Amino acid sequence: MIPLTAPFTEEKMRSLRVGDAVAISGVLFTGRDAVHKYLHEGGALPAGVTLLDGIIYHCGPVVLKDEKGDWKVTAAGPTTSIREEPYQGQIIRQFGLRGVIGKGGMGERTLQACKENGCVYLHAIGGAAQVLADCVTRVLNVYFLEEFGSPEAIWVLEVKDFPSVVTMDSHGRSLHQEVFAHSQAELAKHL
Amino acid sequence: MNALLDSLVEIIRRTSAEIPDDVQRAILAGLEAEKKGTIAESAMKIIERNITLAKQKSQPICQDTGSVLFHVNAPVGFDQMMFEETARQAVTRATVSGYLRQNSVNSLTGVNDGTNVGPGAPSIHFHQHREPHLEIRLILKGGGCENVGAQYSLPNEKLKANRDLDGCRRVILDAVLQAQGKGCGPGILGVCIGGDRATGYEFSKHQFLRFIEDRNPQPELDALEQDILKTANELGIGPMGFGGKTTLLGVKIGAVNRVPASFFVSVSYMCWAYRRQGVRLGSGGEIAQWLY
Ligand code: SF4
Numbered sequence: 192m193i194p195l196t197a198p199f200t201e202e203k204m205r206s207l208r209v210g211d212a213v214a215i216s217g218v219l220f221t222g223r224d225a226v227h228k229y230l231h232e233g234g235a236l237p238a239g240v241t242l243l244d245g246i247i248y249h250c251g252p253v254v255l256k257d258e259k260g261d262w263k264v265t266a267a268g269p270t271t272s273i274r275e276e277p278y279q280g281q282i283i284r285q286f287g288l289r290g291v292i293g294k295g296g297m298g299e300r301t302l303q304a305c306k307e308n309g310c311v312y313l314h315a316i317g318g319a320a321q322v323l324a325d326c327v328t329r330v331l332n333v334y335f336l337e338e339f340g341s342p343e344a345i346w347v348l349e350v351k352d353f354p355s356v357v358t359m360d361s362h363g364r365s366l367h368q369e370v371f372a373h374s375q376a377e378l379a380k381h382l
Numbered sequence: 024m025n026a027l028l029d030s031l032v033e034i035i036r037r038t039s040a041e042i043p044d045d046v047q048r049a050i051l052a053g054l055e056a057e058k059k060g061t062i063a064e065s066a067m068k069i070i071e072r073n074i075t076l077a078k079q080k081s082q083p084i085c086q087d088t089g090s091v092l093f094h095v096n097a098p099v100g101f102d103q104m105m106f107e108e109t110a111r112q113a114v115t116r117a118t119v120s121g122y123l124r125q126n127s128v129n130s131l132t133g134v135n136d137g138t139n140v141g142p143g144a145p146s147i148h149f150h151q152h153r154e155p156h157l158e159i160r161l162i163l164k165g166g167g168c169e170n171v172g173a174q175y176s177l178p179n180e181k182l183k184a185n186r187d188l189d190g191c192r193r194v195i196l197d198a199v200l201q202a203q204g205k206g207c208g209p210g211i212l213g214v215c216i217g218g219d220r221a222t223g224y225e226f227s228k229h230q231f232l233r234f235i236e237d238r239n240p241q242p243e244l245d246a247l248e249q250d251i252l253k254t255a256n257e258l259g260i261g262p263m264g265f266g267g268k269t270t271l272l273g274v275k276i277g278a279v280n281r282v283p284a285s286f287f288v289s290v291s292y293m294c295w296a297y298r299r300q301g302v303r304l305g306s307g308g309e310i311a312q313w314l315y
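Note that the protein sequences, when read in sequence, are chains D and W. Counting from 192, one number per residue, gives the positions in the first sequence under this note's numbering. Counting from 24, one number per residue, gives the positions in the second sequence under this note's numbering.
For the record, the hints were derived by calculation from the structure and aren't laboratory data. Since we're looking at a predicted model, the values are computed, not measured. Beta carbons are placed, not taken as given, at the ideal position from N, Cα and C, and that holds for glycine. Incorrect hints may have been included.
[Unchecked claim] Taking lysine-lysine and the DSSO-like style, the derived pairs with C-alpha atoms no more than 30 Å apart in a straight line are: (1) D:K263 with W:K78; (2) D:K306 with D:K203; (3) W:K58 with D:K203; (4) W:K80 with W:K183; (5) D:K380 with W:K80; (6) W:K183 with D:K380; (7) D:K256 with W:K80; (8) D:K263 with D:K306.
[Stated by the list, open to error] Computed footprint of chain D on chain W, listed as stretches where at least three residues anywhere in the stretch have a Cβ under 8 Å from a Cβ of chain D: (9) 204–215; (10) 232–238.
Using the sequences provided together with the hints, build the complete structure.
Next up, the structure:
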């Protein structure tokens with residue numbers, strides 16, 4: 192696995208190619224449906240938060256408070272990304288995102304935004320809630336907890352060696368498109 | 024009936040945290056089949072590690088703890104209403120304990136009251152049997168894989184699928200192609216040929232109660248199951264749709280009668296996080312035997 196360590200510069204992200212397995216260390220911002228819709232509609236980020244050179248993670252984690260009152264992530268698998276396709280491209284451009292983590296892949300508009308902005312789509316292992324929760328070393332902050340509820344809030348997570356695979360790179364390639372085309376051609380031979 | 028309540032909570036806990044042995048064997052075989060050093064192999068390794076971790080921690084394998092589907096075989100004269108009430112209590116308790124995520128949303132208001140209990144939740148299917156004991160099976164069916172299920176009405180001109188077994192084969196393979204890795208593959212298909220739209224899907228899910236390694240007693244369905252499994256694994260979709268050899272872990276097909284005017288093929292997709300357990304209860308409501 193290729194270590195991918197903060198800061199997530201454009202140069203680093205552009206060096207990644209479809210099929211690269213990476214271990215991410217640094218800070219991730221969770222964001223799913225509510226956050227994407229809010230930002231797309233012109234909502235402002237909370238004071239002190241910047242997504243510039245940041246990575247957003249499509250995830251609604253299960254977070255509990257431990258005995259000491261600290262947040263503890265107990266499950267943190269990815270959710271289906273394609274639901275954010277109407278919003279993602281604009282958010283990548285507007286906020287200078289360098290990475291999007293999720294599952295299932297995204298569409299043409301996101302791929303185009305990745306190309307223009309030096310951003311990549313990283314596929315986490317769907318369902319691997321426990322392995323991925325173990326990669327979260329600290330919860331740094333949470334925003335919009337009241338407004339959007341826990342799964343939809345922005346959780347700021349410090350992660351170490353978070354495993355994922357580049358399935359859409361900043362050079363216009365999408366593993367999802369390639370595997371679909373290949374499997375469709377294979378299937379035609381078997382009918 | 025406190026023993027029944029305790030048993031039900033334990034069934035839910037174990038279903039959520041522990042993959043049944045037959046599924047684990049299939050996942051290990053999938054891991055073996057993948058080429059070393061590929062991203063498909065690395066995905067299968069993470070899946071395998073996740074299964075071990077969840078069991079150790081007694082925590083949900085996947086955070087989407089899914090729709091809660093009970094299948095109950097009960098003796099004649101069994102009080103089903105009492106069972107339903109106890110099952111609702113067990114689901115509430117399992118949710119408080121964190122074995123189930125707060126996962127049930129009112130479809131009209133969007134409100135999630137955090138109990139996992141409401142209209143249609145949990146879902147319970149009762150069958151009578153001429154045995155003195157109670158048999159309870161539980162499936163936790165995730166949403167991501169449920170979304171890639173599909174129902175086809177034959178004939179389907181676009182897929183050149185006629186009302187015969189070859190037509191069934193064509194639409195089932197189309198479902199695999201369309202699903203790619205989006206249902207958290209490698210997956211398991213439950214298929215029903217025939218029925219109406221509702222019972223078709225219902226019987227397709229019944230197939231998930233079968234063991235992965237079992238063989239269909241009906242020769243033509245057995246042949247179709249083996250053929251689809253083999254063909255699907257030659258398409259190169261692979262774990263998570265990363266490309267690779269393990270697209271499906273199993274295919275289970277049943278057939279029920281239809282009316283002459285309809286011919287449905289209903290395909291349910293189960294993700295690798297195939298959470299299904301079952302028990303036989305003793306006369307006091309205690310767990311006497313695990314079934315998987
Ligand atoms: S499809 Fe299955 S493994 Fe994937 S997120 Fe849903 S429940 Fe979990």
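Tested hints:
1. D:K263 with W:K78: holds (19 Å)
2. D:K306 with D:K203: Holds, at roughly 14 Å.
3. W:K58 with D:K203: Satisfied, since the Cα-Cα distance of roughly 28 Å is no more than 30 Å.
4. W:K80 with W:K183: violated (49 Å)
5. D:K380 with W:K80: Between K380 of chain D and K80 of chain W the Cα gap is close to 45 Å, so the pair fails against 30 Å, i.e. violated.
6. W:K183 with D:K380: Between K183 of chain W and K380 of chain D the Cα gap is close to 14 Å, so the pair holds against 30 Å.
7. D:K256 with W:K80: holds (17 Å)
8. D:K263 with D:K306: violated (35 Å)
9. 204–215: Since three or more residues must qualify, the claim that chain D covers the stretch 204–215 of chain W holds, with 3 doing so at under 8 Å.
10. 232–238: n = 0 at 8 Å, threshold three: violated.
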